[in-house]
Amino acid sequence: MNSKQHMSGVVAGRLDASDIEGNFQDLHPPLNAHEAVVAADRCYFCHDAPCVTACPTSIDIPMFIRQISTGNPLGSAETIFDQNILGGMCARVCPTETLCEQVCVREVAEGKPVKIGLLQRYATDHAMDSKNEIYKRPAASGKKVAVVGAGPASLACAHRLAMYGHEVEILEAREKPGGLNEFGIAAYKTVDDFAQREVDFVLSIGGISIRYGQKLGEGIALEQLQSDYDGVFLGVGLAGVNALRMEGDDAQGVVDAVDFIAGLRQSKDKSDIAVGRRIVVIGGGMTAIDAAVQAKLLGAEDVTICYRRGKEQMNASVFEQDLATSRGVVIRHWLQPEKVNTADGKVQSVTLEYTSQKDGRLAGTGEMMTIEADQVLVAIGQTLEASGLGLPIKLDGGRIATDADGRTSADKVWAGGDCTNTGDDLTVTAVAQGRDAAEAINKTLKQ
Amino acid sequence: MADITNTFAGIKSPNPFWLASAPPTDKAYNVERAFRAGWGGVVWKTLGEEGPPLVNVNGPRYGAIWGADRRLLGLNNIELITDRDLYVNLREIKQVKKDWPDRAMVVSIMVPCEEAAWKAILPLVEETGADGIELNFGCPHGMSERGMGSAVGQVPEYIEMVTRWCKANTRMPVIVKLTPNITDIRFPARAAMAGGADAVSLINTVSSITSVNLDNFSPEPSIDGKGSHGGYCGPAVKPIALNMVAEIARDAETRGLPVSGIGGITTWRDAAEFLALGAGNVQVCTAAMTYGFKIVSEMIEGLENWMDAQGHASLDDVIGRAVPNVTDWQYLNLNYVTKAKINQDMCISCGRCHIACEDTSHQAITQEVDGVRRFEVIDEECVGCNLCVNVCPVENCITMEPLAAGETDRRTGKKVSGDYGNWTEHPNNPSRVAAE
Ligand SMILES: Cc1cc2nc3c(=O)[nH]c(=O)nc-3n(C[C@H](O)[C@H](O)[C@H](O)COP(=O)(O)OP(=O)(O)OC[C@H]3O[C@@H](n4cnc5c(N)ncnc54)[C@H](O)[C@@H]3O)c2cc1C
Ligand SMILES: Cc1cc2nc3c(=O)[nH]c(=O)nc-3n(C[C@H](O)[C@H](O)[C@H](O)COP(=O)(O)O)c2cc1C
Ligand code: SF4
Ligand code: SF4
Ligand code: SF4
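Protein chains in written order, with the working numbering: chain H, 2 to 448; chain W, 3 to 438.
Chain H extracted, bound-state conformation (with noise of 0.2 Å):
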């Protein structure tokens, strides 16, 4: 056992660098070619299928799935990554059990989905590993664009953009590319620096460049890149976070999760980075488990997730809670932070009050109950944080308001993604965001 194991505080490395590296195997292991076949000989080949409905960036499963049996997965990647070109990221974290396979004909009828997810991955890694070319940028169309944000939004913009020629160039704050795919997802969904990859194969098609470091509303206002491209498009994502905002909150051993998680993506190894022995995690969204799992998986002893509501209106799905909790993380429900008690700075625990639902309204009971904790994980929702990006554009909900192709107040910039007022905050609608937005913008350009 590690000497460290069982040390309270925060501490890294409680577990050895080689089980730590098994923790964060593929949560998926791929299917092998055989293991593909069985998989795509249940699909119905449905007609209207609902799957497609379900997915949204609208691949043509059933036809995907065929292309795999009929042994074409070339042809199978050509026709996901022709509506979602981060279709190899999709595979690996789109919740499926809520999006295309749980309207699956096949669940309804026996509860057992065809696994569209992991055949989708089957023919995307095959594309990605055969390194043919799929897409070649025509002539130059001579126009230029601006693509704030190198996240999935930004990523799938760009290259639908330049898929009609256009010369793209990107802005991105941070110093690598990919968004939450490379500082967000869970690790054990994109093991082998898979975000980068597929990075350089979206990129690959040439015409597209990226300036690290660029910041908009810091050094760079919207109005320039009005007046200097032919047009814009904001993927910024969501860059804030809500902060707890109580007695302790400033405690040494309050993180936020995004910030933690964000660490441990960047980490080599993950042996560097410090978790609790006891961790109390709020929040009830896919940041949350994703933090709570993965602080599990580093060697905390016990992880708490603590959600003001009932298990039902978590965000997380059923699927991941179920994955947390078969990792050791202990969920409750219907508990909302009150204070976070310290000694020397640090925190010691979390004092909770229990909440119910009052006429429709939640509510404290005034009861209240402490966990005992050296770590805390906040991960109670990221915000736009407009106000710093100097945005001349109406919002809506602190989002930036567009319409149905992404267009939002201002001319000439469209916007899609986290950022946005529509969808879900999920990768797959990024891509179908940034995708339609460039369907958009390109119509624009060519009138």
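Treat the hints as calculated values from the structure; they're not laboratory data.
Since the structure is predicted, the reported quantities are computational estimates derived from the model, not experimental observations.
One or more hints might be untrue.
25 Å max Cα-Cα, derived SDA-like pairs, lysine to any residue [unchecked claim]: (1) K121/W <-> E159/W; (2) K413/H <-> P139/H; (3) K169/W <-> H231/W; (4) K113/H <-> D71/W; (5) K113/H <-> G69/W; (6) K113/H <-> N398/W; (7) K113/H <-> K296/W; (8) K113/H <-> R376/W; (9) K137/H <-> D61/H; (10) K113/H <-> V396/W; (11) K132/H <-> D217/W; (12) K343/W <-> E321/H; (13) K113/H <-> K29/W; (14) K343/W <-> E111/H; (15) K29/W <-> E94/W; (16) K145/H <-> D126/H; (17) K297/H <-> E98/H; (18) K29/W <-> K296/W; (19) K113/H <-> R63/W; (20) K113/H <-> L216/W; (21) K343/W <-> G72/H; (22) K296/W <-> A324/W; (23) K228/W <-> G72/H; (24) K121/W <-> Q156/W; (25) K343/W <-> R279/H; (26) K132/H <-> L216/W; (27) K113/H <-> V374/W; (28) K113/H <-> N392/W; (29) K240/W <-> D42/H; (30) K343/W <-> V109/H; (31) K113/H <-> A70/W; (32) K29/W <-> R63/W; (33) K96/W <-> E159/W; (34) K113/H <-> E159/W; (35) K113/H <-> M348/W; (36) K347/H <-> G361/H; (37) K113/H <-> D347/W; (38) K190/H <-> E321/H; (39) K296/W <-> L75/W.
Assemble chain W with the ligands onto chain H, guided by the hints.
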């Protein structure tokens, strides 16, 4: 319990399931395992004339096609008749028959088309104590190039001639195995009967190329880059075999001639269907080669259970029962009107019935009703073809419901007649026979 003991062309066996002449019956080792597993009889792998044994290819012999889950649906082979020494085979046949007296032991033979050759081999076979012989006039590959197998089976005069030689030179019952590689199976069957055959067995394999290797453009199975047509068998050929068996069973000239049914039999159900269409027993090859000998116990029990449930006491209650119901198209009742009906509780909304009907048939299945995805049959358009039934992945989800006499067919607007009426009497038939 139902009695499934069987007498075929005078040959007795404890059940009607024989192994067809093929690799499963090529030597004592296999045949003894088969008998232990419960097979009622075997037709020993085809023997050739005395002399140096035949040689087979030393590369692959089989090609195949598969269904979902790589279930073997059709098998094709380029194997020849036995490649073992004639006397080794005869010794083993004799020993096995001695050890398993209650099982049917039939020996398949193929020698050149000369009376002397048949005269020479028949006493040797008779000496083993075998119950009968089967004349292999069916093998479509290799042997046919040497003037044997289907080269004989495709010429009715040869069939009759060789059958007559055999009848003249042995006391054993003679079964003539027919090739399906002809245009009308009744002609070779009639020829066998004319030659005095005690029975016919069919089908042997269908000439075929199963696939082509798209890397080197060789047909499969590929022998050093080249392929040859082979003989096709397995579940895929069952419908062809069933029809041929029925043709013989209902032909005025061959009616009553015992038929051993072969071709794609894989379950008790397949076997029961052959029996119902007039086969006196059945022979199996591919199913055993796919799953091993054990399947015979499923066949035996399945047949018994079904007979018990239906109240059939013996095989005679079953054999030929479907033959009177096989007729010509012109005699089918055109006043029988059906409509497809979809059981909405069973429907999983895959949409296949809709697209099949919409794209390729009669536009008779909805895709949406009141704005929601829903598949319903439009009686005004449905011609009752049952394509939808066959493409639906859920068994019994779509059924064909006959309209009762007096009901209005919403497609034609006409009332359904309760009377039988066929094409020969139909007003649209230019050569109709006026109904008196
Ligand atoms: C912890 C976590 C786990 C998740 N897990 C899943 C999952 O399993 N499955 C799933 O489908 N979704 C998941 N999501 C959601 C998914 O990651 C997002 O919906 C998706 O990444 C949104 O893409 P985007 O392009 O809109 O934004 P982002 O991915 O956030 O990309 C925005 C990019 O813009 C850059 N940027 C921001 N501000 C500026 C600026 N001012 N100037 C220049 N560049 C800027 C950022 O650095 C970033 O690169 C998860 C999210 C989180 C936080
Ligand atoms: C590998 C192989 C070899 C065969 N050899 C013979 C043979 O020697 N003599 C013969 O009469 N039929 C031969 N047959 C044909 C089978 O006896 C049988 O008629 C045919 O396979 C159809 O039955 P099935 O669909 O049950 O396989 C052979 C079939 C196979 C697959
Ligand atoms: S992109 Fe996601 S939702 Fe769409 S088919 Fe693929 S796995 Fe399913
Ligand atoms: S719903 Fe399921 S079975 Fe139908 S096409 Fe989609 S994956 Fe295939
Ligand atoms: S084919 Fe069968 S299951 Fe599919 S929609 Fe039609 S009736 Fe329903």
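- Query: Between K169/W and H231/W, does the CA-CA distance stay at or below 25 Å?
  - Reply: violated, 33 Å
- For the pair supplied as a hint, K296/W and L75/W, confirm whether the alpha-carbon distance does not exceed 25 Å. holds, 19 Å
- Are the Cα atoms of K343/W and G72/H separated by 25 Å or less? violated, 36 Å
- Task: Mind checking the alpha carbons of K228/W and G72/H for me, to see if they're no more than 25 Å apart?
- Result: holds, 23 Å
- Message: Hinted pair, alpha-carbon criterion (25 Å max): K113/H, N398/W. Please report holds or violated.
- Response: holds, 20 Å
- Task: Take a quick look at whether K132/H and L216/W sit within 25 Å of each other, Cα to Cα.
- Result: holds, 23 Å
- Query: Are the Cα positions of K29/W and K296/W separated by 25 Å at most?
  - Reply: holds, 18 Å
- Straight-line Cα separation of K113/H and D347/W no greater than 25 Å? holds, 18 Å
- Task: Below or equal to 25 Å on CA atoms is what counts here, so check K113/H against A70/W.
- Result: Holds. K113/H to A70/W sits at ~17 Å (cutoff 25 Å).
- Query: Would the pair K190/H and E321/H pass a check requiring their Cα atoms to be no farther apart than 25 Å?
  - Reply: holds, 12 Å
- Straight-line alpha-carbon gap K29/W to E94/W, limit 25 Å: At roughly 7 Å apart (the allowed maximum being 25 Å), E94/W and K29/W satisfy the hint.
- Query: Does the structure keep K113/H and V374/W at a Cα separation of 25 Å or less?
  - Reply: holds, 24 Å
The structure is inconsistent with the numbered hints 3, 7, 12, 13, 16, 19, 20, 21, 22, 25, 33, 34, 36, although it conforms to all the rest.
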